[in-house]
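Asks: Spelled out from the first residue to the last, the chains are:
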Amino acid sequence: MRKFLFAASAPIGAFVLTLVISSLALLAFGSDPLAAFGDMLGHASKLETQVDILNRATPLYLSAVAVAIGFRMNLFNIGVEGQYLFAFLIAAQIGSLVALPQVLHILLIMVVASAVGAAYAGIAGVLKVTRGVNEVISTIMLNLIAVSGFIAWLQQEWQAEQNQEQFTATTLGTKPIDESGLIPHANAFLEIFTREIGQGKELTGVLFVAIAVGIAYHLLLTRFRFGFDLRASGMNPFAARAGGVPPKRMVVAAMVLSGAVAGLIGLVELADEAKFPPDPIQGLGFAGIAVALLGRNHPGGMVFSALLFAFLDVSAGILQNTQAATKEIVNIMQGIVLLAAVVAYGVTKRVQEREEARATAAALRAEEESSTHEGVGA
Amino acid sequence: MTTLRNLPAWARWPLYVLAGILLLTIVQSISDTGRLTAVSTSREMLRWAVPIFLAGLGGLFSERAGVVNIGLEGMLILGMWFGAWGSITYGPWAGLAIGMIGGGLGGLLHAVATVTFNVDHIISGVAINILAPALTRYLSDELWASPTTSPRTQSVGDWDVPFLAGGTIFGWESPDLLKSIGDREWWYLSDIAELARGLLRGTHWVAIIALLLVPFTSWLIWRTRFGLRLRIAGENPQAGEAQGVDIIRYKYIGVIISGILAGLGGAFISTELSGLFQGGNSAGRGFIGLAALIFGNWRPGGVLVGALLFGYVFGLDLKDLDGTASHALLLVNTVALAGVAAWALSRRRTTDAILATILGVGALAWWLSAETVPNWWSNILPYVLVLLVLVFFAQRLRMPAADGLPYRKGES
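These protein sequences, in sequence, are chains A and B. Using numbering that gives the first Met the number 0, the first residue of the first sequence is number 0, and each one after it goes up by one. Using numbering that gives the first Met the number 0, the first residue of the second sequence is number 0, and each one after it goes up by one.
In case anyone wonders, no lab produced these hints; they're calculated from the structure. Being a predicted model, the structure only gives us computed values, none of them experimental. Certain hints may be false.
Claimed, not checked - Derived list of chain B stretches under chain A, where covered just means 3 residues or more per stretch with a C-beta under 8 angstroms from a C-beta of chain A:
{"no.": "1", "region": "140-153"}
{"no.": "2", "region": "183-196"}
{"no.": "3", "region": "380-388"}
The C-beta atom is built at its ideal place from N, Cα and C for all residues, glycine as well.
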């Protein structure tokens, strides 16, 4: 229990600090923080809002797992953003070209999305081990290539098409996918436990994919040799290498696996829109970094942080409606909670180390004393 | 080649530049574009390069002190916002100063996290990159009732160099020498004149300040006691500590300066280039600055060359609506890759040579088979260039030895 409290003290402390700072920011511009937070919590108790939160938490969690796989061996996959948008685009395109039975169609789209994400992330892994290119810079560049370069260009093209041929916005984006390729919604599942979901809200079926990915990630870390090698390489690459873990292969494998999970992020929006829309949701990759850090790369911890971030995101819409405060405050809260949490984790780790050192010293002293007593007795 | 290498740097670099322009001229004379050496191209190059360079130079101060700073993008964004706000509220020069303060505050935050609390440098940088745009959106929404745009800002203005580019002295308009040479359409000479004129006419004051920072930084880093101490914080902080240097203080100074410079770059974007704050206008220039820093091997002159190179590609792309200039650039790439291949062969680095040859042949084949290149290629070209440069030169670079490593006083 004490250990758990100690582990929880950092995120709780960070959250309290976030509330204090964001309250100050709200007060500075004459908003009432209590009213704003009250609105946020009040709406979150409604079932429909909870569905929204789960729908948002699902891609955030997938994104966080993708980032965490890299973090576990000290690899910074900053490129989840580009990987998922590219995977989303190509999976939507290929999915629209084929007609298959439902299970096969969905499976094909998932495999394509995963493979594209894996390949795009793999570039950074290969560049790192063969050419010594730092993965932070290469994934940032790959992000810019995918997002600022390719997708921004595609959007311009679509816009030009729309202006020329008087298309309506609904026809923009890639060609729509047949119903058989869309992951069905999971309202029926949630309604087992609750009342009927109103307002036409649909709980995304990708939630189950995310849960499966979370379980797989947990098993990978605790039950499989690969997960052990991954963690060992992250903690001490030299020791891992001496223990027979090939470092280069591990780097590429971790990047590829990370990208494969990243590729799945777009499925949520794909199931909703049935195509790659002209204005896809962006920023999930960067938010995933924050969620992974806040959840300490732990499969369970990231569930909480994904739900927290999703709650804040959804609250933005609520604040806009109630006018209690500017909705941009939630983004500030996300940034502060992240920064405060990483600082708090650093501090608690330091305290823990110091306590352990003190305990060891005390134990040694006790041992020494008892041995001198024995010496006197003899 | 050996004689060239024996020349001092001040004589060598102009020769490299002249050789580069010669290559551009030759390529241009066999393609359908005049844009490779146009006035507008070099002007756009400088406009793009200044914020990239300032961010990269900021990174230099931080990383020379041993703190990796990928939060440069966030600090640049803070500079954009605070620069715009300061310019609207207190006037243009104050705007630049306030932008620098805004970026400097971002640097201070990074320093507190990484130096005092020993948070991983990349993680703190990512957090700042998330926090900075969020903060600017919030402030914009509260002050200007729009999360992404501000009212018009004031610019500190620009300057035409007299005699060379027709600037005025006390109201008298001096002759525009470079324009008259450029108009003669002499082969090569006019191309040099056009490119030079783009740099010397309508030159932003901030650009001039940025260029002056190159010799100043070199002097500061390599010739002063401050520079020595800053560098030891990044090379071997324990040794510095043993010499009585307050490492923590120098790390703080380095990271805060880095934020200030990135902030100036951001303020330049909002007040001088776009004339207003607009979210997303940073276009990743903080990150590109980081790439320029690596390209320049953590040296001020190298950062400038990197920034100008990336700025050239961005600037060319901006005016190249039909894709012919980017098409001609493929041939330049081919020649550059051939040069890399030859260089790698002379160093007996066969893999590099083969890789460069394959890429060069690919670029040549593309150049031969098409008349223009599609728009997306010119969109991604600057970033591809960064990757290519790293692919071929990452192993030749030497970053400060203790860059990115945690440091605690009294522990080794």
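Asks: Determine for every hint whether it applies to the structure shown.
Replies: Verification of the supplied hints:
Using a Cβ-Cβ cut-off of 8 angstroms, 3 residues of the region 140-153 of chain B lie near chain A, which meets the minimum of three, so the contact claim holds. Restraint check on the region 183-196 of chain B versus chain A: 0 residues with Cβ-Cβ distances below 8 angstroms, three needed, restraint violated. Beta-carbon proximity to chain A at under 8 angstroms applies to 4 residues in the region 380-388 of chain B; the threshold of 3 is reached and the given coverage holds.
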